[in-house]
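Sequences listed follow chains W and U, in order. Residues 1 to 278 (our numbering) make up the first sequence, in order. Residues 1 to 291 (our numbering) make up the second sequence, in order.
Hints may be right or wrong, so weigh each one.
[As the list claims (entries may be wrong)] So, partial list: chain W residues that the calculated Cβ filter (under 7 Å) puts toward chain U:
1. A93
2. I108
3. F212
4. F232
5. S233
If you are wondering where the hints come from, they were derived from the structure by calculation, not from laboratory data. Predicted model only: the values in this text are computed from it and were never measured. Idealized CB from N, CA, C, for every residue including glycine.
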Amino acid sequence: MLVSNFRRKEAIPNHFILILFALLAVLPILVLFFNSIKPFSEFGLNPLGPPSEIRLQNFPDAWIAGEYTKIFFNSAKLVFGSVLLCLAVSLLAGFSLAKLNPKGSTVIAIYLLVGISIPAQLYILPLFLLWKELSLLNTHVGLIIIYSALNAPFATFLIRSYMIRLPDELFDAAKLDGANTFQIFFRIALPLSWPVILTAGLIIGLAVWNEFLFALTFITDPNFKPMATILFSFQARFENNYALQSAAAIMMVAPIAVLFMLFQRRFISGLTSGGLKE
Amino acid sequence: MNFLSKKSYIAWYFVIPVVFIHLFVIGIPSILSLALCLTDWSGLGKINYVGFENFIELFDDRYFKKAIFHNILWTIIFLTVPVCIALMCAYLLTGIKRGQMFYRLAFFFPYMLASVVNCQIWKYLFHPIHGLGGFFESIGIEALASSPFTTKETSLYAAAFVDGWHFWGFLVVIYLTGMYQVDNHLYEAADIEGASKFQKFRYITLPMIRPIFIFSLMIIIIWSVPVFDYVYILTGGGPAYSSEVVANYLYTHAFVRFNVGYASAVGTLMFIYVIFIVGIFGLLRKLGWEI
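Construct all of the structure, not just a fragment, from the sequences and the given hints.
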């Protein structure tokens with residue numbers, strides 16, 4: 001850790017400025033939380049502060065009004081489906097790029113890198129028409145395939161950069177023992193890679209849970225919509241009922257907040273790994 | 001690594017799924033889009049080749065020009081405000097011992113939240129009666145008398161503010177990683193020379209984190225192109241196109257008016273611009289810019 005004596009005396013003004021910015025980041029979320037447990041009648045007098053009386057009933061109310069049993073399952077299906085499919089294809093590719101080095105693997109790496117920087121707006125319309133032809137609109141499978149493809153380049157590179165550091169001797173030894181490539185992948189590479197599998201899974205899951213543009217475009221049937229687009233229509237439906245709105249938003253934030261508390265470092269390192277070069 | 005060199009085709013089996021799914025969802029539709037931009041297709045019926053007509057029309061389209069101008073403004077805002085705040089906060093963070101992790105988590109948390117949630121929070125806070133507007137009024141300040149999202153002069157900046165509020169913590173973490181790699185002896189030497197806090201930042205920290213810094217600028221420029229969520233949810237591009245951005249403009253043409261050819265032309269221009277930016281940074285790197 002870089003903290004040396006020479007700058008410690010400046011620490012107090014540092015804290016002052018940092019606290020201001022930390023409040024700017026956290027207070028708005030805190031207001032949302034307060035509003036989610038505030039009785040609707042209290043909003044007129046006390047729009048920003050903590051509630052004088054805690055009303056947890058807002059959550060069941062929002063849950064029923066938004067038919068969240070169904071919606072929650074929609075999102076869960078999308079998250080788990082995408083995480084599984086995306087991890088499967090990315091683990092295979094990451095392993096190959098890290099340890100097998102197929103001829104022409106740089107071409108694939110470049111293709112995936114270009115793939116990351118293509119703006120979604122370039123392909124979303126032809127993709128929509130293609131999905132219409134294939135009857136994949138308004139299906140979760142269709143969206144799972146899209147989310148897997150969107151996140152695969154990132155996951156592949158993350159997994160590759162982890163697997164490349166696994167000692168080659170292990171793989172050579174297994175090969176001498178007569179294991180074939182698939183056995184090496186399943187018995188050696190996979191069990192050793194669980195940290196990166198967890199990180200990649202969390203990041204993909206987060207991206208899918210929060211995703212808006214594709215969910216908005218490819219799922220128009222309210223029965224199949226995930227949390228994000230339902231919350232968007234919820235905001236319009238209950239425009240002035242801030243208690244219900246906030247409770248619905250908190251239901252979307254809560255799982256992420258819990259996971260973030262448990263896996264802060266993984267989230268932060270995983271999300272910033274795309275922005276950092278090795 | 002060569003433990004499989006004899007059967008290298010097996011290595012390809014492992015890559016095929018990812019290449020297949022990516023080509024299917026992104027590769028082929030992208031190529032289709034690059035082709036469709038030369039047609040006047042409406043999504044149904046005959047496809048007519050019209051050459052560069054869509055582009056000629058686009059360069060004459062004042063709403064499109066407005067949208068491009070807003071994207072440029074957006075890029076400039078993001079290249080300055082969040083970058084400066086993040087640099088400052090990261091630099092201040094390296095100077096403290098206690099609460100490091102707390103600040104980092106607090107700054108980063110909004111980055112984890114969905115755009116819909118962030119927009120809802122700020123729509124409420126900027127509400128003239130229920131949110132901060134009411135609060136300001138009660139202490140006698142006439143700020144936020146109308147929501148900045150529905151005011152022509154401020155809608156774009158208000159949307160950019162919310163997006164920036166969610167984004168800047170990400171920059172802090174990136175810069176912090178770079179700053180931790182700076183050799184402490186440099187600061188000690190500067191202290192002996194009597195350098196001020198700002199001088200140390202300007203002449204030691206900034207040059208030392210230059211690769212990460214430049215990289216962050218590139219990301220911001222690229223990510224400012226497809227900006228959609230915050231504008232669509234907060235303002236819908238309005239009022240009166242005052243916050244229209246290119247991605248939202250494309251979305252309207254694609255999914256409301258079904259101008260496939262026209263929308264594809266917009267997408268193609270976005271793509272060319274992004275590749276151009278990546279190319280420039282790649283070129284600078286080749287020229288030995290250490291980025």
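Given hint S233(W) near chain U, where the shortest CB pair must fall under 7 Å: violated (10 Å)
Residue hint A93(W), partner chain U, criterion CB-CB below 7 Å: holds (4 Å)
Chain U contact restraint for F232(W) - C-beta distance below 7 Å: Given a least distance of 5 Å, the restraint on F232(W) holds.
Cut-off 7 Å, beta-carbon criterion: hint that F212(W) touches chain U: With a closest approach of 5 Å, the F212(W) hint holds.
Closest C-beta approach of I108(W) to chain U relative to 7 Å, hint status: Holds - the Cβ of I108(W) comes within 7 Å of chain U, reaching about 6 Å at its closest.
The structure fails to meet hint 5 from the earlier list, while all remaining hints are met.
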